[in-house]
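A.B. asks: Here's the letter readout for the chains.
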Amino acid sequence: MGLQKIITAMPALLQGAGLTILLTLVSIFFGLILGLLLALGRLSKNAFFDRLSQFYIWLFRGTPLLLQIFFIYYALPTFTPITFDALPTAFIALSLNSGAYLAEIIRAAIQSIDKGQMEAAKALGMRYTQAMRRIVIPQSYRRLIPPTGNEFIALLKDSSLVSVIAMTELMRTTSLLSNSSGNAVYYIPCALLYLAMTTIFTFVFSKLEKKYSISE
Amino acid sequence: MIKLENVYKSFGKLEVLKNINLEVTKGEVVCIIGPSGSGKSTLLRCLNHLERITEGRTIIDGELIDEKVKGKDSLKISPKKVALVCAELGMVFQRFNLFPHLTVLENIIEAPLTVKKIAREIVMEEATLLLKKVGLEDKKDEYPSRLSGGQQQRVAIARALAMNPKIMLFDEPTSALDPELVGEVLEVMKQLARDGMTMLVVTHEMGFAREVANRIIFMDQGQIIEDSSPEEIFSNPRQERTKSFLQKIL
Ligand SMILES: Nc1ncnc2c1ncn2[C@@H]1O[C@H](COP(=O)(O)OP(=O)(O)OP(=O)(O)O)[C@@H](O)[C@H]1O
Ligand SMILES: [Mg+2]
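Top line first, the protein sequences correspond to chains Z and U.
Just so we're on the same page, this note's numbering is the position in the first sequence counted from 1, plus 1140.
Just so we're on the same page, this note's numbering is the position in the second sequence counted from 1, plus 1.
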């Protein structure tokens, strides 16, 4: 019955899933960079950077992602000359949002490293940034991987929210197919595809964790 | 090599060092003894800027590297210069503080490569010699967690020596070790002393102090109570407090 329909729709669904993965990978990548900067701000002795990071995290964790997407897409152009198309909006909103969550993850991981490591590095003549980059941050990787994996999975699912600005990722592809055909069967392969993606990435992260735990 | 003038250090209201005056000349080995909380670690840490003094002056190798007058910073040299001078002080910690994500060899070459920017071949050659010196050339590719405490501490000494320090600071280097591992670390330190290294050693190893030290300093409640030769301090301490401390630990 529906099987034939699903098979014909598969290329479209896979393409949607491809966009979902792309959105997640890119957003996690920029989210990690942003999160690292925010975490360093939170750990900095400079009160300004600390406050600035705190404010950012408060703002992006305290409002719904859906609102952030609408805000960038619809509200920003009304009072600034800045306009973004749907695709950049999706990348920006997801990156900014995951940056706030990753900041707290990274901060916790860095803070969990023994203070003696920074002291030993400093006693060897390293400056703060050198010690952070070469000694402290690399040690936080292993502790960073499991919560980052969780954030990745959450983001993969939350990326479905950008369907509201007409991004044809997996979720929107599915609902378009159902609406046009009047048949909701497409939600079954959609669910299976999400499950496949989350399962694969969970596996990848557990492999990564193993790889980084050799020295401990 | 080291000169402290009227140094004070407080943590908030807690005065940890009070009017410390101390001079250590080139090639001297000075041991610091004293009860827990007397400020021994803090004294060492003030020398390489892990802590900043709250009053007084610290001079390393003729360079004024910290100065506070009435609590105000009046230091004129750049942070970069301070870092350079501090790199002339090697430090060995009670809990080793090796970098667990790096192998033994990588621990040793890290700072010469990234701080001094010395060519890799030269650094590797030096590291091999240092590992031989501390008797661990066969462990160069191990991670620290795979080594015994005594081996880890010897790597930590080699790591500090790789920066070619003029002075070595030891903060209770054998206190975290099982008794049977203490000897191998002390042996490396004795060899260093014989090679003419200037050393400031916080320790409870009285045998080592008696054998190697040129001077022994007894600290109590943030002050230097006594500063004399090992013979004198062990046989005939001038201060009552020194006498009662030594009676307790000997
Ligand atoms: N960062 C810090 N903040 C607040 N107080 C500190 C700090 N570091 C040390 N102290 C306090 O300063 C005093 C001296 O400490 P220090 O570690 O120098 O003593 P110590 O002689 O090395 O003792 P031990 O033999 O136990 O190592 C102690 O009372 C300690 O609690
Ligand atoms: Mg101490």
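Simulated from the structure, these hints should not be mistaken for laboratory data.
Watch out, some of these pointers could steer you wrong.
[To be verified] Calculated cross-link-like contacts (lysine-lysine; reagent style DSSO-like; alpha-carbon spacing at most 30 Å):
no.	chain 1	residue 1	chain 2	residue 2
1	U	Lys244	U	Lys118
2	U	Lys117	U	Lys141
3	Z	Lys1185	U	Lys133
4	U	Lys118	Z	Lys1185
5	U	Lys167	Z	Lys1255
6	U	Lys133	U	Lys118
7	Z	Lys1297	Z	Lys1145
8	U	Lys117	U	Lys19
9	Z	Lys1255	U	Lys117
10	U	Lys244	Z	Lys1185
11	U	Lys82	Z	Lys1347
12	U	Lys117	U	Lys71
13	Z	Lys1255	U	Lys244
14	Z	Lys1185	U	Lys14
15	U	Lys69	U	Lys117
16	Z	Lys1255	U	Lys4
17	U	Lys133	U	Lys77
18	Z	Lys1145	Z	Lys1255
19	U	Lys69	U	Lys140
20	Z	Lys1350	U	Lys140
21	U	Lys19	U	Lys69
22	U	Lys141	Z	Lys1185
23	U	Lys73	Z	Lys1185
Just so it is clear, the structure is predicted and the values come from calculations on it, not from any experiment.
A.B. asks: Does each hint fit the structure? Answer for all of them.
C.D. replies: Hints, one by one, checked against the model:
1. Simply put, lysine 244/U and lysine 118/U have alpha-carbon atoms about 49 Å apart, too far for the 30 Å limit, and the pair is violated.
2. Distance check on the hinted pair: lysine 117/U and lysine 141/U sit about 21 Å apart at the alpha-carbon level, within 30 Å; holds.
3. Between lysine 1185/Z and lysine 133/U, the direct Cα distance comes to roughly 41 Å. Violation of the 30 Å bound is thereby established for this hinted pair.
4. Between lysine 118/U and lysine 1185/Z, the direct Cα distance comes to roughly 28 Å. Compliance with the 30 Å bound is thereby established for this hinted pair.
5. Proximity of lysine 167/U to lysine 1255/Z is assessed by CA-CA distance (about 25 Å); at most 30 Å being required, the pair is judged to hold.
6. Distance restraint check for lysine 133/U and lysine 118/U: the Cα-Cα separation of roughly 23 Å lies within the 30 Å cut-off, and the hinted pair is therefore satisfied.
7. In summary, the hint linking lysine 1297/Z to lysine 1145/Z is supported, as the alpha carbons are separated by about 25 Å, within the 30 Å threshold.
8. Between the alpha carbons of lysine 117/U and lysine 19/U the distance comes to roughly 35 Å, so the proposed pair goes past 30 Å and is violated.
9. For a cut-off of 30 Å, the pair hint linking lysine 1255/Z to lysine 117/U stands: about 23 Å separates their Cα positions.
10. Of the pairs offered as hints, the one joining lysine 244/U and lysine 1185/Z is violated, with about 44 Å between alpha carbons and a cut-off of 30 Å exceeded.
11. Taking the CA atoms of lysine 82/U and lysine 1347/Z, the gap is near 44 Å; set against the 30 Å cutoff, the hint is violated.
12. At roughly 35 Å between alpha-carbon atoms, lysine 117/U and lysine 71/U are farther apart than 30 Å, so this suggested pair is violated.
13. Using a Cα cut-off of 30 Å, the hinted pair lysine 1255/Z and lysine 244/U is violated, with the two alpha carbons roughly 36 Å apart.
14. Annotation: proposed proximity of lysine 1185/Z to lysine 14/U holds, straight-line Cα distance about 21 Å (limit 30 Å).
15. Between lysine 69/U and lysine 117/U, the direct Cα distance comes to roughly 29 Å. Compliance with the 30 Å bound is thereby established for this hinted pair.
16. Only pairs whose Cα atoms come within 30 Å are accepted, and lysine 1255/Z paired with lysine 4/U is accepted, the gap being roughly 28 Å.
17. Taking the CA atoms of lysine 133/U and lysine 77/U, the gap is near 41 Å; set against the 30 Å cutoff, the hint is violated.
18. Proximity of lysine 1145/Z to lysine 1255/Z is assessed by CA-CA distance (about 60 Å); at most 30 Å being required, the pair is judged violated.
19. Distance restraint check for lysine 69/U and lysine 140/U: the Cα-Cα separation of roughly 45 Å exceeds the 30 Å cut-off, and the hinted pair is therefore not satisfied.
20. The suggested pairing of lysine 1350/Z with lysine 140/U holds, with an alpha-carbon distance near 24 Å, which does not exceed 30 Å.
21. A threshold of 30 Å between alpha carbons decides the hint, and for lysine 19/U with lysine 69/U the separation of about 14 Å falls inside it, so the pair holds.
22. Taking the CA atoms of lysine 141/U and lysine 1185/Z, the gap is about 37 Å. The hint is violated against a cut of 30 Å.
23. A hinted pair counts as satisfied when its Cα atoms are at most 30 Å apart, and lysine 73/U with lysine 1185/Z qualifies at roughly 19 Å.
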